[in-house]
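There are 2 protein chains.
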Amino acid sequence: MQVSQKPRIGWIGTGVMGNAMAKRLFQSGYSLSVFNRSRSKALPLIELGASWCDSPAEVAQNTDVVFLMVGYPSDVRQVVLGTNGILAGWRQIKPEGVERVLVDMTTSSPQLAREIWRILADDGIEGLDAPVSGGDVGAKNGTLSIMIGGKKEVADRLRPLFDCLGENVVWQGEAGSGQHAKMVNQILIAGNMIGVCEALLYAFQAGLDIESVFTSVATGAAGSWSLSRLGTKIIQGDFEPGFYIEHFIKDMGIALEEAKRMDLALPGLALVHQLYLATAAQGNARLGTQALIRGLAAMSGCRLPLSSPKEI
Amino acid sequence: MQVSQKPRIGWIGTGVMGNAMAKRLFQSGYSLSVFNRSRSKALPLIELGASWCDSPAEVAQNTDVVFLMVGYPSDVRQVVLGTNGILAGWRQIKPEGVERVLVDMTTSSPQLAREIWRILADDGIEGLDAPVSGGDVGAKNGTLSIMIGGKKEVADRLRPLFDCLGENVVWQGEAGSGQHAKMVNQILIAGNMIGVCEALLYAFQAGLDIESVFTSVATGAAGSWSLSRLGTKIIQGDFEPGFYIEHFIKDMGIALEEAKRMDLALPGLALVHQLYLATAAQGNARLGTQALIRGLAAMSGCRLPLSSPKEI
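Protein chains in written order, with our numbering: chain A, 149 to 460; chain B, 149 to 460.
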């Protein structure tokens, strides 16, 4: 057993994604200390053998590499820099010759990632931003796409950990670059989703046979992951979340803020963001992103066919 | 030889698509009469052995099935219903026991397709709308996706002809349904393209290494045909047309007009349409649809990296 030579792992944020990812690390033989705002969500990991900590600071004090998978940039800031945060914990203990790394896997602000990287560096602590795509299925199966920003050599040293979590692990550049790459991912999805939802709504309204249309368009120049997976869900009247609308709104908001900072207008993304806000305002915030079609349908007073009883 | 039992084929509109498609029919053993506004573009087919006709009417008089692949709905109307049009030609000759069919493969208006279908029916002539996707490569290799509207039994009888041209041949419903399905295809592409162009522009501006970003995003939930094919062209600075911006503007205009007729707001498509109009207005109308990124870059005064010398 080489467990003793392995870094001790901390994990903060044990929602659906965090739980599945931390479990993979634990099952690969890493020791695991966990914290979550509500302890109940960490129970599956605790029952597995992970150690519960009462604060992010306590996680930090007991571990060398702390992973973060929380909700919003404000949560990241609080957990890392706040009272009883990770930095506070690590500042109380300075082990000799042990590298300490914070790996933030939350989809968060590139600017915040840079700010945190700089603050940690002052204390001799390394920081990586490493948001993911691939959803709960990818988290469970270890097939996530992981986009890493920060020092390349630090990312390389942590490669065995990342390889437990994902199969498309790519270093994107300096601190914040992982978050930027994730924003690129989300801008692409925003475009795909408006296309899918407007196209299917058009098809419904035109009275087309939706299966026939799918056969014609899904595998050619109009094809996309969003159409194949989420378009199919729409047709089945399935609006269960693979990815919550409210989280997607957060991501698009970050991308628009960053684009503004870069003096870059993104009119398509801005419109999709607004349409998702409207869709959320109609009570759909905790549905999957494919429920955008509900917002669009409501806008024109359309009834969606092939719909579940709870439909508009 | 069963050539005598095969329908005599007419082909009107011998641009890049029409030329390749008509050639496939000719090489499958069908007799071919052709007309094009400018004769020079029909020369490759004439040299192959096709008969030149001086008008659409003359094509009609010499053939049983006439295919159309022209530019705009106004062209379709003129060629079918105008002086020396197909209908005028067929009205002068009424062969016994021979079915006459007009197959319009132009991407055109669903309403016009219905109007033509009704007018033809009054003369005992069948009409099919059968727009395609798959581009010049699909036309050349016979791998097009063909979306057919009109009577199913007519589409079935012409199946051997369609099978020469495409490999994803789907009957979509009554007259106009082929065009509607094509509109669904184009609405999907509009969404994909705004996503691809804004995402890549963001990536350029954020200073990301574009190959690394591609590796992270191209095969996951953000993936699409547009990203893989046209995104790659953008990165290479290749704005050569696979599909002209001016034609895409036409298609989106038709879709918006149809949506208006159905009392359906499509805000995403409307915005993309406007952005393509602006991109065309800047002198890019005869570039490929991927040149939308030029219009977006110009809007924010960005310089595109990885660009050819003619770049903004």
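Simulated from the structure, these hints should not be mistaken for lab results. We put the beta carbon where it would ideally sit given N, CA and C, even for glycine. One thing to keep in mind: the hints can contain errors.
Unchecked claim - Dumping the calculated DSBU-like pairs for lysine-lysine here, alpha-carbon to alpha-carbon at most 35 angstroms: (1) B/Lys171 - A/Lys381; (2) B/Lys300 - A/Lys300; (3) A/Lys398 - B/Lys300; (4) B/Lys381 - A/Lys381; (5) B/Lys300 - B/Lys171; (6) A/Lys408 - B/Lys300; (7) B/Lys171 - A/Lys398; (8) B/Lys408 - A/Lys299; (9) B/Lys171 - A/Lys408; (10) B/Lys398 - A/Lys381; (11) A/Lys408 - B/Lys398; (12) B/Lys300 - A/Lys381.
To be verified - One side of the interface only, derived from the structure: several residues of chain B facing chain A at Cβ under 10 angstroms: (13) Gly219; (14) Asp223; (15) Glu263; (16) Ile267; (17) Gly286; (18) Asn289; (19) Gly290.
Hint check results:
| no. | hint | result |
| --- | --- | --- |
| 1 | B/Lys171 - A/Lys381 | violated, 41 angstroms |
| 2 | B/Lys300 - A/Lys300 | violated, 60 angstroms |
| 3 | A/Lys398 - B/Lys300 | violated, 48 angstroms |
| 4 | B/Lys381 - A/Lys381 | holds, 31 angstroms |
| 5 | B/Lys300 - B/Lys171 | holds, 26 angstroms |
| 6 | A/Lys408 - B/Lys300 | violated, 53 angstroms |
| 7 | B/Lys171 - A/Lys398 | violated, 53 angstroms |
| 8 | B/Lys408 - A/Lys299 | violated, 53 angstroms |
| 9 | B/Lys171 - A/Lys408 | violated, 52 angstroms |
| 10 | B/Lys398 - A/Lys381 | holds, 31 angstroms |
| 11 | A/Lys408 - B/Lys398 | holds, 32 angstroms |
| 12 | B/Lys300 - A/Lys381 | holds, 29 angstroms |
| 13 | Gly219 | violated, 19 angstroms |
| 14 | Asp223 | violated, 23 angstroms |
| 15 | Glu263 | violated, 16 angstroms |
| 16 | Ile267 | violated, 21 angstroms |
| 17 | Gly286 | holds, 8 angstroms |
| 18 | Asn289 | violated, 13 angstroms |
| 19 | Gly290 | violated, 14 angstroms |
Of the hints listed earlier, those the structure fails to meet are numbers 1, 2, 3, 6, 7, 8, 9, 13, 14, 15, 16, 18, 19, in rising order.
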